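Colleague: Here is what each chain is made of, one letter per residue.
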Amino acid sequence: MTMPEGVLDLTYWQVGLAYGFALMVLVMLKRRGIPREKLLVWATFRMTLQLVLVGLLLGWVFDHPHPLLTALIVCVMVVFAVFTVLRKFREEMGPRLKKVVMVTLPLGTLPVIFFFILIVIQVRPYFNPRYVIPLTGMIIGNSMTGISLGLRSMIDHFKHRHREIEQWLILGAYPSQAVDGVVNSSFDAAILPTLNSMLGMGIIFLPGMMSGQILSGVDPTIAILYQIAIMMGILGGVSLTTYLFLRFGSRTFFNKQHQLVQKA
Amino acid sequence: MTDHNEVLFKFEGVRYRDVLFIDDFAIPAGKITCITGASGGGKTTLLRLLAKLVSPDEGTLTMFDESLSERHSVMHRREVALLSQQPILFPGTVADNLRVGLALEGKDATDMDLLAVMQSVRLKQALDADVEHLSGGEAQRLALARVLLLDRPVILLDEPSSALDEETESQIIQMVVDIVKAQGKTLVMVTHSTQEARRHADVIATLENGRLKGRDDHA
Numbered sequence: 001m002t003m004p005e006g007v008l009d010l011t012y013w014q015v016g017l018a019y020g021f022a023l024m025v026l027v028m029l030k031r032r033g034i035p036r037e038k039l040l041v042w043a044t045f046r047m048t049l050q051l052v053l054v055g056l057l058l059g060w061v062f063d064h065p066h067p068l069l070t071a072l073i074v075c076v077m078v079v080f081a082v083f084t085v086l087r088k089f090r091e092e093m094g095p096r097l098k099k100v101v102m103v104t105l106p107l108g109t110l111p112v113i114f115f116f117i118l119i120v121i122q123v124r125p126y127f128n129p130r131y132v133i134p135l136t137g138m139i140i141g142n143s144m145t146g147i148s149l150g151l152r153s154m155i156d157h158f159k160h161r162h163r164e165i166e167q168w169l170i171l172g173a174y175p176s177q178a179v180d181g182v183v184n185s186s187f188d189a190a191i192l193p194t195l196n197s198m199l200g201m202g203i204i205f206l207p208g209m210m211s212g213q214i215l216s217g218v219d220p221t222i223a224i225l226y227q228i229a230i231m232m233g234i235l236g237g238v239s240l241t242t243y244l245f246l247r248f249g250s251r252t253f254f255n256k257q258h259q260l261v262q263k264a
Numbered sequence: 001m002t003d004h005n006e007v008l009f010k011f012e013g014v015r016y017r018d019v020l021f022i023d024d025f026a027i028p029a030g031k032i033t034c035i036t037g038a039s040g041g042g043k044t045t046l047l048r049l050l051a052k053l054v055s056p057d058e059g060t061l062t063m064f065d066e067s068l069s070e071r072h073s074v075m076h077r078r079e080v081a082l083l084s085q086q087p088i089l090f091p092g093t094v095a096d097n098l099r100v101g102l103a104l105e106g107k108d109a110t111d112m113d114l115l116a117v118m119q120s121v122r123l124k125q126a127l128d129a130d131v132e133h134l135s136g137g138e139a140q141r142l143a144l145a146r147v148l149l150l151d152r153p154v155i156l157l158d159e160p161s162s163a164l165d166e167e168t169e170s171q172i173i174q175m176v177v178d179i180v181k182a183q184g185k186t187l188v189m190v191t192h193s194t195q196e197a198r199r200h201a202d203v204i205a206t207l208e209n210g211r212l213k214g215r216d217d218h219a
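Protein sequences appear in the order of chains A and B.
This note's numbering applies: residue 1 is where the first sequence begins, and numbers increase by one.
This note's numbering applies: residue 1 is where the second sequence begins, and numbers increase by one.
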């Protein structure tokens, strides 16, 4: 048996057939009287539109590679990630904590991205968008999730362990000492999903990037090497970003007089 | 040594939210000052101001003539220890909880030191006993032992938790008073019981709806 060398081309008709699954769900929703039909149609439409637009954009970018263009796209991804976090926690964050998100997300992800692209993968030319954009996207996306998990955990700790943190202050702790436990358990909460996904990888599921590469005809051994490398990159990005965020973010829960404030 | 006629804390036109309004009040050094009054009168807030856990919105609060807002908060709290109504113990052993405050300053204590301070508050637990199994009164005494080990010159004692029975509460207050007197420290104590206040205090101040209603100097 021979393996296909390249990609099996999909026709529009074939993709059209896949929409049959959405139709199936629509029928199920209607029959059960679950009022989600509108969302299903909207989600299907948006997914299609967004992917078509991104496909066109990426196609154009790959045909016109330029360092500034790659840099611009990386910046847009970082900005988008920052705003996603800010929007998600709009009500619970004060201005100081928002600033910390704005600074630490780029500060944590960009060094990891540079190291990963330039030293680990050694992309040639260094701005090659075909590599830089997807790899950067994975690192930024996961780091954004890491910050969100760490932030959720930290806000909950400050809400529910308020008295314990204050007890540390009473005993003569600096704020950084008083929040040691909070930072540690929030960091743990943030990196746990990444560690868990590493545990299940290859056995419970095949990761997206690796599946994609295999589907497009890449030798599985190469796909695996890429996957291992990107997982390490993701782990590094998530850890560094979350750590910086928690370290600086936790300080915003105190004022200049080292007193606990209600909302950072 | 503390000069016993010296003013330690001084309130001038102090206002904190709509909880506390103190125009003029001085707390002497090296003495026992009791703050009494009905609950919700601002007694605990007064101690929190003294421990610099919160700061006045208006007016000045000084310690030895130095405004608290000018004092380094952490260093201030390393001189002024607050024993809250319900002190928090951290998960772990009795010894862990005793050492925790010293560790913040990079110091340590021998097991002998720990046993001595345990004895002074009449706790008989083993040093490696889990604090989870302590009763309310024992937890309060352990928290007291932790403060004593830190050897702060000023102790602020909020009335021990209402969860404690009167006898235990009275015992704890007596213990603190004895230690404070023996070591020449300053004690500011909040209590709803005028009886307790009369028994121990050099100065009694009564707070009502956040305002000072009376001051009685026994000394």
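Careful, some of the hints might be misleading.
[Said to hold, decoys possible] One side only, chain B facing chain A, incomplete, derived with CB under 10 Å:
hint: 1; residue: 83
hint: 2; residue: 86
hint: 3; residue: 87
Worth flagging that the hints you see were computed from the coordinates, not collected in a lab.
In this text the structure is predicted, and so the values were computed from the model without any measurement.
Positions of the beta carbon are idealized from the N, C-alpha and C atoms, including for glycine.
Colleague: All the hints need checking, so say for each whether the structure fits it.
Modeller: Status of the hints after comparison with the structure:
Of the supplied interface hints, the one on residue 83 of chain B holds, with its beta-carbon coming within about 9 Å of a beta-carbon of chain A, less than 10 Å. Checking residue 86 of chain B against chain A: minimum C-beta separation of about 8 Å stays under 10 Å; hint holds. With a least beta-carbon distance of about 7 Å to chain A, the hint placing residue 87 of chain B at the interface is held under the 10 Å criterion.
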